[in-house]
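Number of protein chains: 2
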Amino acid sequence: MAEAHAVGNNAVLQGDPVAISTALGILKQRFGDKLQTGEALRRQHGHTLTWIENQPPDAVLFVESAAEVIDIVGIAAAHRVPLIPFGAGTSLEGHVNAPAGGISLDFSRMNRLLRVNERDLDCVVEPGISRAELNAQLRDTGLFFPVDPGAETATLGGMASTRASGTNAVRYGTMRENVLNVTAVMADGSVVRTARRARKSAAGYDLTRLLVGAEGTLGIITELTVRLYGVPEVILAAVCRFGSLEGACNTVIQAIQLGGFGLARVELIDEMQIRAINVHSKLSLAEAPTLFLEFHGSKASAEDGIAQFKALAETEGAIDYQWAEAEADRRRLWKARHEAYFAVKTTWPGKDVLATDVCVPISRLADCVLSTQADIAATGLIAPIAGHAGDGNFHCSVVLDASNAAERETVEGFLKRLAERALDMDGTCTGEHGVGQGKMAYMAAEHGAGVEVMRQIKRTLDPLGIFNPGKIV
Amino acid sequence: MAEAHAVGNNAVLQGDPVAISTALGILKQRFGDKLQTGEALRRQHGHTLTWIENQPPDAVLFVESAAEVIDIVGIAAAHRVPLIPFGAGTSLEGHVNAPAGGISLDFSRMNRLLRVNERDLDCVVEPGISRAELNAQLRDTGLFFPVDPGAETATLGGMASTRASGTNAVRYGTMRENVLNVTAVMADGSVVRTARRARKSAAGYDLTRLLVGAEGTLGIITELTVRLYGVPEVILAAVCRFGSLEGACNTVIQAIQLGGFGLARVELIDEMQIRAINVHSKLSLAEAPTLFLEFHGSKASAEDGIAQFKALAETEGAIDYQWAEAEADRRRLWKARHEAYFAVKTTWPGKDVLATDVCVPISRLADCVLSTQADIAATGLIAPIAGHAGDGNFHCSVVLDASNAAERETVEGFLKRLAERALDMDGTCTGEHGVGQGKMAYMAAEHGAGVEVMRQIKRTLDPLGIFNPGKIV
Chain A
1 MAEAHAVGNN
11 AVLQGDPVAI
21 STALGILKQR
31 FGDKLQTGEA
41 LRRQHGHTLT
51 WIENQPPDAV
61 LFVESAAEVI
71 DIVGIAAAHR
81 VPLIPFGAGT
91 SLEGHVNAPA
101 GGISLDFSRM
111 NRLLRVNERD
121 LDCVVEPGIS
131 RAELNAQLRD
141 TGLFFPVDPG
151 AETATLGGMA
161 STRASGTNAV
171 RYGTMRENVL
181 NVTAVMADGS
191 VVRTARRARK
201 SAAGYDLTRL
211 LVGAEGTLGI
221 ITELTVRLYG
231 VPEVILAAVC
241 RFGSLEGACN
251 TVIQAIQLGG
261 FGLARVELID
271 EMQIRAINVH
281 SKLSLAEAPT
291 LFLEFHGSKA
301 SAEDGIAQFK
311 ALAETEGAID
321 YQWAEAEADR
331 RRLWKARHEA
341 YFAVKTTWPG
351 KDVLATDVCV
361 PISRLADCVL
371 STQADIAATG
381 LIAPIAGHAG
391 DGNFHCSVVL
401 DASNAAERET
411 VEGFLKRLAE
421 RALDMDGTCT
431 GEHGVGQGKM
441 AYMAAEHGAG
451 VEVMRQIKRT
461 LDPLGIFNPG
471 KIV
Chain B
1 MAEAHAVGNN
11 AVLQGDPVAI
21 STALGILKQR
31 FGDKLQTGEA
41 LRRQHGHTLT
51 WIENQPPDAV
61 LFVESAAEVI
71 DIVGIAAAHR
81 VPLIPFGAGT
91 SLEGHVNAPA
101 GGISLDFSRM
111 NRLLRVNERD
121 LDCVVEPGIS
131 RAELNAQLRD
141 TGLFFPVDPG
151 AETATLGGMA
161 STRASGTNAV
171 RYGTMRENVL
181 NVTAVMADGS
191 VVRTARRARK
201 SAAGYDLTRL
211 LVGAEGTLGI
221 ITELTVRLYG
231 VPEVILAAVC
241 RFGSLEGACN
251 TVIQAIQLGG
261 FGLARVELID
271 EMQIRAINVH
281 SKLSLAEAPT
291 LFLEFHGSKA
301 SAEDGIAQFK
311 ALAETEGAID
321 YQWAEAEADR
331 RRLWKARHEA
341 YFAVKTTWPG
351 KDVLATDVCV
361 PISRLADCVL
371 STQADIAATG
381 LIAPIAGHAG
391 DGNFHCSVVL
401 DASNAAERET
411 VEGFLKRLAE
421 RALDMDGTCT
431 GEHGVGQGKM
441 AYMAAEHGAG
451 VEVMRQIKRT
461 LDPLGIFNPG
471 KIV
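Those sequence lines, one after another, are chains A and B. Numbering (the numbering used here) for the first sequence: 1 to 473. Numbering (the numbering used here) for the second sequence: 1 to 473.
Worth flagging that the hints you see were computed from the coordinates, not collected in a lab. Treat the hints with care, as some may be off.
It does not matter which identical chain is meant; a pair holds if it fits inside one copy or across any two.
Claimed, not checked - Quick list of in silico lysine to any residue cross-link-like pairs, SDA-like style, CA-CA up to 25 Å:
#1 LYS310 / GLU118
#2 LYS282 / GLU223
#3 LYS310 / LEU143
#4 LYS345 / ASP329
Based on the provided sequences and hints, a complete structural model is requested.
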């Protein structure tokens with residue numbers, strides 16, 4: 001019914017048009033208008049936010065329950081039709097593309113907060129709930145979900161699948177640390193709840209962490225339990241400008257060594273990104289290596305943290321501070337940071353912007369950013385940098401005209417050097433965006449023999465290759 | 001060369017005597033005196049710290065390098081001889097037993113601290129280093145490794161393999177959070193380094209978390225990178241006695257909701273365990289539900305935390321406090337807690353003591369402990385309880401005469417009810433001890449279809465079943 005063809009070292013299921021058509025007929029009968037095949041909708045579901053070619057699915061299916069997902073997996077397996085889980089489509093490496101065709105499973109209707117366990121600091125959600133919606137619904141509980149990859153619409157299922165992190169990870173961790181369990185439909189139709197709600201367990205292989213970051217290639221998540229945190233008594237924000245990027249990084253390294261000072265966010269923004277933020281958010285920050293900081297804690301501990309951080313920063317060449325004590329100022333500041341990508345779009349209008357990320361041991365962060373800035377200058381690119389300094393993770397927003405083949409080639413060379421630079425520093429080709437299609441080329445260099453272990457796992461758990469084929473391995 | 005026979009649903013490699021003898025001959029020639037077959041040594045390497053029958057390996061091999069491990073895996077695969085990695089033998093569920101014979105790989109000679117990356121807060125170690133030795137060698141750096149399962153001699157490799165945690169987990173996490181990567185020899189002889197040193201990565205399946213907690217059944221760890229932390233400026237300890245166990249648990253729940261107050265350890269000790277600690281450590285603590293507490297932070301934040309905790313505890317029926325500000329007092333207190341198991345041995349001399357653990361959502365901790373105490377009373381057992389209240393994890397040290405079949409049967413019934421009680425509360429049959437042989441019976445109830453996923457992974461990555469057979473699945 002379907003044939004496999006080799007892409008690199010890996011066999012990717014190639015959906016057979018007849019089989020897909022048969023499967024769509026069956027699904028249409030079963031699901032009626034929940035199954036859509038309009039081109040605009042299909043193209044929107046293959047949206048990549050990159051220059052990776054849009055490869056739309058053959059259909060979009062708006063799922064409404066886990067029971068439906070089980071049925072769909074059964075039909076897809078019988079006809080060897082690819083299934084691509086879709087949250088909000090905010091992933092950045094072509095994760096939701098359909099290179100072998102198939103069906104995009106849209107989870108936007110499975111977006112309920114099912115249960116809040118306030119005393120356990122966790123909640124159970126459907127995968128289609130967005131992080132903004134989750135936090136809105138949690139507001140009255142005094143609890144919040146901290147993982148914040150930027151996009152307000154990012155869904156919990158998508159964030160789990162890409163192992164998302166973001167600005168808060170230095171204090172609260174990433175999806176790796178904050179997913180207690182997932183319920184997933186496996187390729188054989190079985191339903192696995194990967195763990196109980198206990199905070200920790202030593203009972204067998206860590207299936208939760210296997211599915212978190214698997215980008216929908218091993219199972220389809222239909223429910224998650226995630227950790228929550230008490231909203232801190234006090235949140236204090238600040239902007240701290242440095243004479244040098246090394247000074248900014250050294251301050252962060254020492255602050256973390258000294259216990260973190262209650263730092264919840266510590267974002268490194270380079271000169272070019274400051275310029276874009278100023279344009280977009282109508283701020284007038286000086287164009288210098290800058291840290292955006294946020295401290296969470298009790299009033300006493302947050303103020304203590306700020307004072308200690310300030311003392312450290314001064315010894316490392318901090319030039320000036322702006323403390324944003326008022327909530328409105330704080331929100332404005334972090335809104336500006338969150339819109340860094342759009343700021344680049346505003347500042348260089350009419351251009352495409354390609355967002356990429358790498359992550360290195362924090363001791364190498366200044367070195368990696370400075371080398372990358374030098375590469376950007378030498379290559380003649382515009383590519384502002386913003387990063388999660390506490391994690392050693394940073395982003396380049398590369399400005400280009402993606403329709404210009406020469407420019408694309410230049411940028412491709414830059415991206416390759418960036419990933420290799422991070423790997424040379426014992427870092428990773430992606431700290432939080434994930435592999436998707438865009439970073440597959442670096443997997444062998446990063447993981448060596450580990451790639452074959454990943455392939456063995458993929459082949460065993462999805463022998464027909466129906467789950468999000470052509471991604472990761 | 002070897003035959004498989006079914007144990008439960010799972011095929012366990014049964015070492016063939018002729019094959020083992022052949023392999024031992026080859027290994028003797030290759031490794032000389034590093035290979036030992038004396039009965040006392042073999043029995044010591046099958047030591048279970050439980051009533052599980054000692055099943056000694058056929059030989060003990062003191063490995064000295066990863067290259068040797070690769071050779072050994074090749075020879076073991078060729079002759080289908082089981083390999084059982086051995087750290088310090090402090091695991092509690094028969095993890096190092098050799099039910100199918102084979103070779104215990106003793107890592108005590110691979111015990112070096114290879115590199116400390118002070119600015120990155122990590123270090124690279126060989127698996128045989130003990131946590132006490134690691135922290136001794138780190139002393140001059142101002143850094144420490146926090147995971148503390150009690151046993152000073154526990155090795156980092158063993159702790160990673162059992163996903164160990166312990167008293168510090170509420171603040172610093174377990175081995176799951178603190179292992180950045182492992183290097184492991186896989187069953188096909190390939191060497192996998194599961195990740196780089198970056199703090200986080202979204203690059204593919206989380207092989208680190210797959211090997212952490214795998215109890216040596218998927219690969220043999222030859223190197224680890226683990227996270228370190230700055231020694232806190234101030235450590236304050238306290239003992240807080242409550243009128244009720246619910247009061248103690250409610251205090252902990254609220255403290256965590258309010259951000260943790262800098263709590264690094266919060267141990268719940270029941271009346272019977274207090275009695276044993278008093279006998280063993282010559283203390284005179286009142287016999288009541290008690291929290292042992294430790295606060296880490298700056299002086300200001302730790303004192304703030306203590307004050308806030310005290311205020312909370314008073315509203316929940318705390319009876320009295322003892323603050324141990326002097327380091328000697330603090331050490332004495334925590335030494336008493338760490339020796340809880342030995343305290344039970346001292347208090348009921350001549351008896352066997354069986355240590356078990358379960359973990360539940362923290363909201364159910366008081367309920368689970370009280371139900372368990374009622375069960376203990378109804379069954380006529382002696383079984384002091386001590387637990388990591390911040391994680392919902394607790395231990396029973398069951399006193400018995402293991403040679404008395406009737407007593408064993410009583411205790412087996414109690415252990416079964418304890419595990420089922422935890423599962424009924426959406427908890428796990430083991431929070432930190434691991435599965436080994438002792439908890440295999442509960443895997444199906446806990447994981448359902450997930451057990452088959454675990455088996456598929458095991459069969460794929462270790463198709464001959466040579467790695468620690470008869471454990472987990």
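Outcome of the hint check:
| no. | hint | verdict |
| --- | --- | --- |
| 1 | LYS310 / GLU118 | between (35 Å within a copy, 22 Å between copies) |
| 2 | LYS282 / GLU223 | neither (41 Å within a copy, 51 Å between copies) |
| 3 | LYS310 / LEU143 | between (29 Å within a copy, 23 Å between copies) |
| 4 | LYS345 / ASP329 | within (23 Å within a copy, 61 Å between copies) |
The earlier numbered hint that this structure contradicts is number 2, and it is the only one.
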